[in-house]
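Residue numbers (the UniProt record's numbering), protein chains in the order written: chain A, 1 to 213; chain B, 1 to 213.
Hints are supplied without guarantee of correctness; some may be wrong.
Same chains, same label: a pair holds when it works inside one copy or across any pair of copies.
[To be verified] Below are the EDC-like pairs computed for lysine to aspartate or glutamate, each with C-alpha atoms no more than 16 angstroms apart in a straight line: (1) K90 with D60; (2) K176 with D91; (3) K23 with D76; (4) K36 with D211; (5) K190 with E28; (6) K26 with D211; (7) K176 with E44; (8) K150 with D62; (9) K48 with D127; (10) K24 with E207; (11) K48 with E145; (12) K150 with E200; (13) K190 with D60; (14) K90 with D37; (15) K90 with D62; (16) K48 with D159; (17) K190 with D159; (18) K26 with D127; (19) K26 with E192; (20) K26 with D60.
These are calculated hints, taken from the structure and not from any lab test.
2 protein chains.
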Amino acid sequence: MITLYGYWRSSAAYRVRIALNLKKIKHELISVHLVKDGGQQHSESYVKLNPNHLVPTLVDGDFSLNQSLAIIDYLDESFTNVSLYPSNIKDKALVRALACDLACEIHPLNNLRVLQYLSNQLNISDDQKTAWYHHWILEGFSALELRLAKTAGQYCFGDSVTVADLCLIPQIYNAKRFNVDMSVFPLINKIEHNCSLLPEFIAAIPENQADAS
Amino acid sequence: MITLYGYWRSSAAYRVRIALNLKKIKHELISVHLVKDGGQQHSESYVKLNPNHLVPTLVDGDFSLNQSLAIIDYLDESFTNVSLYPSNIKDKALVRALACDLACEIHPLNNLRVLQYLSNQLNISDDQKTAWYHHWILEGFSALELRLAKTAGQYCFGDSVTVADLCLIPQIYNAKRFNVDMSVFPLINKIEHNCSLLPEFIAAIPENQADAS
Numbered sequence: 001m002i003t004l005y006g007y008w009r010s011s012a013a014y015r016v017r018i019a020l021n022l023k024k025i026k027h028e029l030i031s032v033h034l035v036k037d038g039g040q041q042h043s044e045s046y047v048k049l050n051p052n053h054l055v056p057t058l059v060d061g062d063f064s065l066n067q068s069l070a071i072i073d074y075l076d077e078s079f080t081n082v083s084l085y086p087s088n089i090k091d092k093a094l095v096r097a098l099a100c101d102l103a104c105e106i107h108p109l110n111n112l113r114v115l116q117y118l119s120n121q122l123n124i125s126d127d128q129k130t131a132w133y134h135h136w137i138l139e140g141f142s143a144l145e146l147r148l149a150k151t152a153g154q155y156c157f158g159d160s161v162t163v164a165d166l167c168l169i170p171q172i173y174n175a176k177r178f179n180v181d182m183s184v185f186p187l188i189n190k191i192e193h194n195c196s197l198l199p200e201f202i203a204a205i206p207e208n209q210a211d212a213s
Numbered sequence: 001m002i003t004l005y006g007y008w009r010s011s012a013a014y015r016v017r018i019a020l021n022l023k024k025i026k027h028e029l030i031s032v033h034l035v036k037d038g039g040q041q042h043s044e045s046y047v048k049l050n051p052n053h054l055v056p057t058l059v060d061g062d063f064s065l066n067q068s069l070a071i072i073d074y075l076d077e078s079f080t081n082v083s084l085y086p087s088n089i090k091d092k093a094l095v096r097a098l099a100c101d102l103a104c105e106i107h108p109l110n111n112l113r114v115l116q117y118l119s120n121q122l123n124i125s126d127d128q129k130t131a132w133y134h135h136w137i138l139e140g141f142s143a144l145e146l147r148l149a150k151t152a153g154q155y156c157f158g159d160s161v162t163v164a165d166l167c168l169i170p171q172i173y174n175a176k177r178f179n180v181d182m183s184v185f186p187l188i189n190k191i192e193h194n195c196s197l198l199p200e201f202i203a204a205i206p207e208n209q210a211d212a213s
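The whole structure should be built from the sequences, with the hints applied where relevant.
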């Protein structure tokens with residue numbers, strides 16, 4: 001039995017939910033509320049499972065694993081019914097690079113703990129925090145839009161859903177939540193539209209989770 | 001012919017240099033100076049190659065690829081003389097998670113462009129910037145030390161060098177450069193010592209690069 005410890009609004013958990021749905025893997029979702037109780041990710045029991053105090057964590061029998069990209073690759077290699085990468089080595093590398101453009105360059109800078117540090121340790125204003133948030137998304141999406149001009153079909157890479165789409169959709173969700181102007185990214189918007197039609201993506205939307213509030 | 005566009009002090013480029021050395025891949029290094037000329041990563045010719053304005057970029061014939069983790073995986077799948085991952089799916093996933101703990105949780109927060117934003121846009125003091133830098137390394141290394149207690153042998157995962165070591169060593173280099181107290185991380189220090197004996201790691205050290213200044 002596979003269990004995913006996550007949080008409705010965590011974009012890293014959102015990525016993994018899409019993967020579980022696409023691969024039709026039976027699983028249980030356990031909510032780790034990142035705000036309630038001072039953040040349940042800091043609870044003694046959760047930190048034993050994940051000393052980084054971060055979601056998600058996947059538990060598969062007696063095997064536990066953190067880091068969304070590592071989890072998605074683990075699921076991809078363990079459940080081969082649907083592949084989340086192209087088979088060609090070069091194409092696979094390009095998909096992985098697109099995923100890292102999102103997961104290593106944009107998301108880490110706008111994560112909850114970083115925003116908390118900016119407010120609590122650096123005492124920056126809400127306007128400065130919004131500018132920070134927008135800055136990294138606009139920088140990242142501007143570069144991504146140029147890359148997608150070379151790789152995209154219906155999705156980030158050609159006409160099959162890949163790990164890149166699993167990283168892009170949660171990042172767009174965050175961008176919209178913080179009112180980033182998305183009108184300048186036509187390719188990103190097209191891919192979002194195409195993914196929004198797929199039931200596996202719909203079921204993974206934060207507002208469709210049991211712990212959404 | 002393989003060409004790596006990098007910079008002596010870029011830890012993402014440093015990771016790839018180690019991989020190229022371990023796999024004994026003949027290659028050329030081209031320096032993109034991140035400070036000189038206002039940052040050569042912003043030059044028109046480089047941005048055509050890498051619209052993210054970041055190093056490294058690998059060029060293999062007419063194929064170009066960004067993102068150090070994607071590059072390392074591409075090299076690992078293309079040159080199979082030495083493997084940078086364990087063969088077992090679960091072990092491989094754990095190594096990938098360790099690499100992401102470093103490459104997605106620590107490094108992006110302490111990257112040059114982020115430090116520049118903190119100074120130029122948020123006007124924080126040098127002391128605050130040092131505290132920021134130390135904070136993310138100490139958070140990340142504290143969790144990593146606990147994980148290594150379960151996985152480490154001579155290196156991060158057992159007794160073979162993996163991608164996790166390729167990410168760890170450059171991160172330690174940065175930590176020392178910014179005078180982080182490393183005495184509280186005995187396992188990390190042991191692994192650093194063991195890697196420091198390997199010629200492939202020695203040749204990749206920033207100060208041993210032609211563009212070091």
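**Request:** Using 16 angstroms as the alpha carbon limit, work out where K23 and D76 are close: within a copy, between copies, both or neither.
**Result:** within (8 angstroms within a copy, 26 angstroms between copies)
**Request:** At 16 angstroms max between alpha carbons, let me know whether K26 reaches D127 within a copy, between copies, both or neither.
**Result:** neither (43 angstroms within a copy, 50 angstroms between copies)
**Request:** Since the copies are identical, ignore which copy is meant and state whether K150 and E200 lie within 16 angstroms (CA to CA) inside a copy, between copies, both or neither.
**Result:** neither (26 angstroms within a copy, 35 angstroms between copies)
**Prompt:** With identical chains treated as interchangeable, where does the CA-CA distance between K24 and E207 reach 16 angstroms or less: within a copy, between copies, both, or neither?
**Reply:** neither (20 angstroms within a copy, 50 angstroms between copies)
**Asked** How would you classify K36 and D211 at a CA-CA limit of 16 angstroms: within, between, both, or neither?
**Response** Classified as within: same-chain Cα gap 11 angstroms, cross-chain 50 angstroms, threshold 16 angstroms.
**Request:** Could you place K190 and D159 in one of the four classes (within, between, both, neither) given a Cα distance threshold of 16 angstroms?
**Result:** Result: close within a single copy only, 12 angstroms intra versus 47 angstroms inter.
**Asked** Is it within a copy, between copies, both, or neither that the alpha carbon of K190 lies no farther than 16 angstroms from that of E28?
**Response** neither (31 angstroms within a copy, 39 angstroms between copies)
**Request:** Using 16 angstroms as the alpha carbon limit, work out where K48 and D159 are close: within a copy, between copies, both or neither.
**Result:** Neither: 41 angstroms inside a chain and 25 angstroms across chains, both beyond 16 angstroms.
**Asked** Checking K176 and E44: alpha-carbon separation at most 16 angstroms within a copy, between copies, both or neither?
**Response** neither (34 angstroms within a copy, 31 angstroms between copies)
**Request:** Go through the copies and call it for K90 and D60: within, between, both or neither, with a Cα cutoff of 16 angstroms.
**Result:** between (30 angstroms within a copy, 10 angstroms between copies)
**Request:** Go through the copies and call it for K150 and D62: within, between, both or neither, with a Cα cutoff of 16 angstroms.
**Result:** Result: close only across copies, 14 angstroms inter versus 42 angstroms intra.
**Request:** Can you give me the call for K190 and D60, within, between, both or neither, at a CA distance of at most 16 angstroms?
**Result:** neither (35 angstroms within a copy, 31 angstroms between copies)
Hints 2, 5, 6, 7, 9, 10, 12, 13, 14, 16, 18 and 19, counting from the list given before, are not met by this structure.
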